[in-house]
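Colleague: For this one, chain Z is given, so just place chain H on it according to the hints.
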Amino acid sequence: EPEVTQTPSHQVTQMGQEVILRCVPISNHLYFYWYRQILGQKVEFLVSFYNNEISEKSEIFDDQFSVERPDGSNFTLKIRSTKLEDSAMYFCASSEDRSGGSPLHFGNGTRLTVT
Amino acid sequence: SQKIEQNSEALNIQEGKTATLTCNYTNYSPAYLQWYRQDPGRGPVFLLLIRENEKEKRKERLKVTFDTTLKQSLFHITASQPADSATYLCALDMSMDSSYKLIFGSGTRLLVRP
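Residue numbers (our numbering), protein chains in the order written: chain Z, 1105 to 1219; chain H, 14 to 127.
Chain Z with its partners taken away, still in its complex shape (with noise of 0.2 Å):
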């Protein structure tokens, strides 16, 4: 079955630098997602993307985020100055439509460690 691939698995950085999450969505998805999850709390909805732009995104997503789909098949989410309170995991989904009849797809995430 297609699944959606996240590298790197684990990401130790120091604060302030930037990183940058990678994902493979499924290859016949159009539409794009970043979540994260901080130790121990709720799945959080960061950014949804499509046809290239912005589609929604959550007020956790300021001007230090931002994505991409550099070609075909990535989808990218860089922070551009981390921070202490960026520790969490990201995860990446994608989907078929665009509705709420849609089930997402998700990886099984980047472990970003900020010290």
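Think of the hints as simulated: they come from the structure by calculation, not from any bench.
Bear in mind the structure is a predicted one, so any value in this text is a computation, not a measurement.
It is possible that part of the hints are untrue.
Pairs of lysine to any residue, SDA-like flavour, derived with a Cα cap of 20 Å [stated by the list, open to error]:
| hint | chain 1 | residue 1 | chain 2 | residue 2 |
| --- | --- | --- | --- | --- |
| 1 | Z | 1146 | H | 108 |
| 2 | Z | 1146 | H | 30 |
| 3 | H | 16 | Z | 1144 |
| 4 | H | 114 | Z | 1170 |
| 5 | H | 72 | Z | 1105 |
| 6 | H | 114 | Z | 1173 |
| 7 | H | 30 | H | 127 |
| 8 | H | 16 | Z | 1148 |
| 9 | H | 114 | Z | 1201 |
| 10 | Z | 1146 | H | 39 |
| 11 | Z | 1146 | H | 20 |
| 12 | Z | 1161 | H | 106 |
Modeller: For chain H alone, coordinates are given in the frame of chain Z:
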């Protein structure tokens, strides 16, 4: 604004029993409600989806109900097994326009004792 509420206390049951998990929301009824399973250190995995005009949906040992009057969905696992132990998340589409913004509840942890 719309809130999703799931019981934050873990549900601890004996193998073979039926587990029932609750998801309540506060405002408008969504057109769809989804349930996911999450294992520690892994991404959520889609289980079932129910539409607002459906009262009940089944898949193998899983059953979901959706009561728009009570603003509640119940998720049942019959003949539970230790392998069903995980956190179960309900999710609603909260987008206000043509975009898609699936928002998750905080989840309920299920522990099935052998």
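Colleague: Take the hints in turn and mark each one as holding or not.
Modeller: Going through the hints against the structure:
A C-alpha spacing of about 18 Å is found between residue 1146 (chain Z) and residue 108 (chain H), which places the hinted pair at or below 20 Å, so the restraint holds. Between the alpha carbons of residue 1146 (chain Z) and residue 30 (chain H) the distance comes to roughly 27 Å, so the proposed pair goes past 20 Å and is violated. Restraint check for residue 16 (chain H) and residue 1144 (chain Z): the C-alpha separation of about 19 Å stays at or below 20 Å, so the hint holds. Pair hint residue 114 (chain H) plus residue 1170 (chain Z) holds up; C-alpha atoms about 17 Å apart against a cutoff of 20 Å.
Between the alpha carbons of residue 72 (chain H) and residue 1105 (chain Z) the distance comes to roughly 19 Å, so the proposed pair stays at or under 20 Å and holds. At most 20 Å may separate the alpha-carbon atoms for a hinted pair to count; residue 114 (chain H) and residue 1173 (chain Z) meet this at roughly 19 Å. A threshold of 20 Å between alpha carbons decides the hint, and for residue 30 (chain H) with residue 127 (chain H) the separation of about 11 Å falls inside it, so the pair holds. Between residue 16 (chain H) and residue 1148 (chain Z) the alpha-carbon distance is near 13 Å, which keeps this suggested pair within the 20 Å criterion.
At most 20 Å may separate the alpha-carbon atoms for a hinted pair to count; residue 114 (chain H) and residue 1201 (chain Z) meet this at roughly 12 Å. Of the supplied pair hints, the one linking residue 1146 (chain Z) and residue 39 (chain H) holds, its CA atoms being roughly 18 Å apart against a limit of 20 Å. A threshold of 20 Å between alpha carbons decides the hint, and for residue 1146 (chain Z) with residue 20 (chain H) the separation of about 13 Å falls inside it, so the pair holds. Of the pairs offered as hints, the one joining residue 1161 (chain Z) and residue 106 (chain H) holds, with about 14 Å between alpha carbons and a cut-off of 20 Å not exceeded.
Hint 2 from the earlier list is the only one contradicted by this structure; the remaining hints agree with it.
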